Amino acid sequence: MRNRVLVAAAGLAVGLSLMTVTTAQAAPSQNSQGGRTATNGPCQYTVTPDEPPARPVPLPPDPAHTPDHGQVGVTLATTQGLIPLTLNRAQAPCTVQSFLHLTKHHFYDLTTCHRLTSYPTLKVLQCGDPTGTGEGGPGYSYKDELPVGLPPAPTDPTGARKVYARGVLAMANAGPDTNGSQFFVVYGDSALRPNYTIFGTVNAVGLSTLDHIAAGGTVVNDDNPTGVDGTPVRTTEILRAVRTPFPW
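Read in order, the letters of the sequence shown correspond to residues -26 to -1, 1 to 222 in mature numbering (1 follows the signal peptide of the UniProt record, and there is no 0).
There could be a bad hint or two in this list.
Simulated pairs of lysine to aspartate or glutamate, EDC-like, Cα-Cα distance not exceeding 20 Å [unchecked claim]:
no., residue 1, residue 2
1, 78, 36
2, 78, 185
3, 117, 211
4, 78, 42
5, 117, 151
6, 117, 36
7, 117, 24
Quick list of simulated restraints, FRET-style, between CB atoms [unchecked claim]:
no., residue 1, residue 2, range
8, 198, 37, 42 to 50 Å
9, 207, 14, 43 to 51 Å
10, 11, 39, 34 to 42 Å
11, 125, 11, 36 to 44 Å
Hints listed in this document are in silico derivations from the structure and should not be mistaken for laboratory results. Given the structure is predicted, the values throughout are model-derived calculations rather than measurements. Quick reminder that beta carbons are idealized off the backbone N, C-alpha and C, glycines included.
With the hints as constraints, model all of the structure from the sequences given.
Structural data, given as structure tokens:
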């Protein structure tokens, strides 16, 4: 079992809260991964034997030279509206390769975005787990491709946290080099340590959809008594993720 971690400056300096979403990504069967334990290319997609996959899916292709130029469009057709994404190969080639692979194999189809946060400094929608619990993944992990040059978060006087701006598309993780299938989209500027791979952006149509989802808030219950970190009230199911051409 792994923890999908996002750190939010929910107070400031001292009032930092650590928010975790548990996830069991994992261990592919002989059939789902073809018996391989890792790919041989530069991305080194590696089977996670202790964490079975939420859905059978093979390891991604890992050529000697990972495509690292240009942009690719993917649209998430959700029950709340369209969320068109622009994936940036140059920014995170291995991440884009994996995301397109999972899209091609319909891994994201009929999955629920299980987490919405509305802290003052963390405003994201998290998706990508077929179990809808925060515990699912593809049965493999791969390396980080961390951002550089992000502006410092004005709410953090130490400078450790950076601005993940509105419209950013990034990977959730459980620590260094534990990327799988879960990702988050940022609907409001957020303050995070730069430990999360940024691999694309959401366009204006998608941001409008995210604003609609965020406006509904989260389900208040024992796990989310303050209503700032939990299941979206406006249930957001990805009906289909599909590669799409530009322009939008």
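Hint check:
no.: 1; hint: 78 / 36; in the structure: holds (15 Å)
no.: 2; hint: 78 / 185; in the structure: violated (27 Å)
no.: 3; hint: 117 / 211; in the structure: violated (28 Å)
no.: 4; hint: 78 / 42; in the structure: holds (19 Å)
no.: 5; hint: 117 / 151; in the structure: holds (4 Å)
no.: 6; hint: 117 / 36; in the structure: holds (13 Å)
no.: 7; hint: 117 / 24; in the structure: holds (18 Å)
no.: 8; hint: 198 / 37: 42 to 50 Å; in the structure: holds (43 Å)
no.: 9; hint: 207 / 14: 43 to 51 Å; in the structure: holds (46 Å)
no.: 10; hint: 11 / 39: 34 to 42 Å; in the structure: violated (22 Å)
no.: 11; hint: 125 / 11: 36 to 44 Å; in the structure: holds (40 Å)
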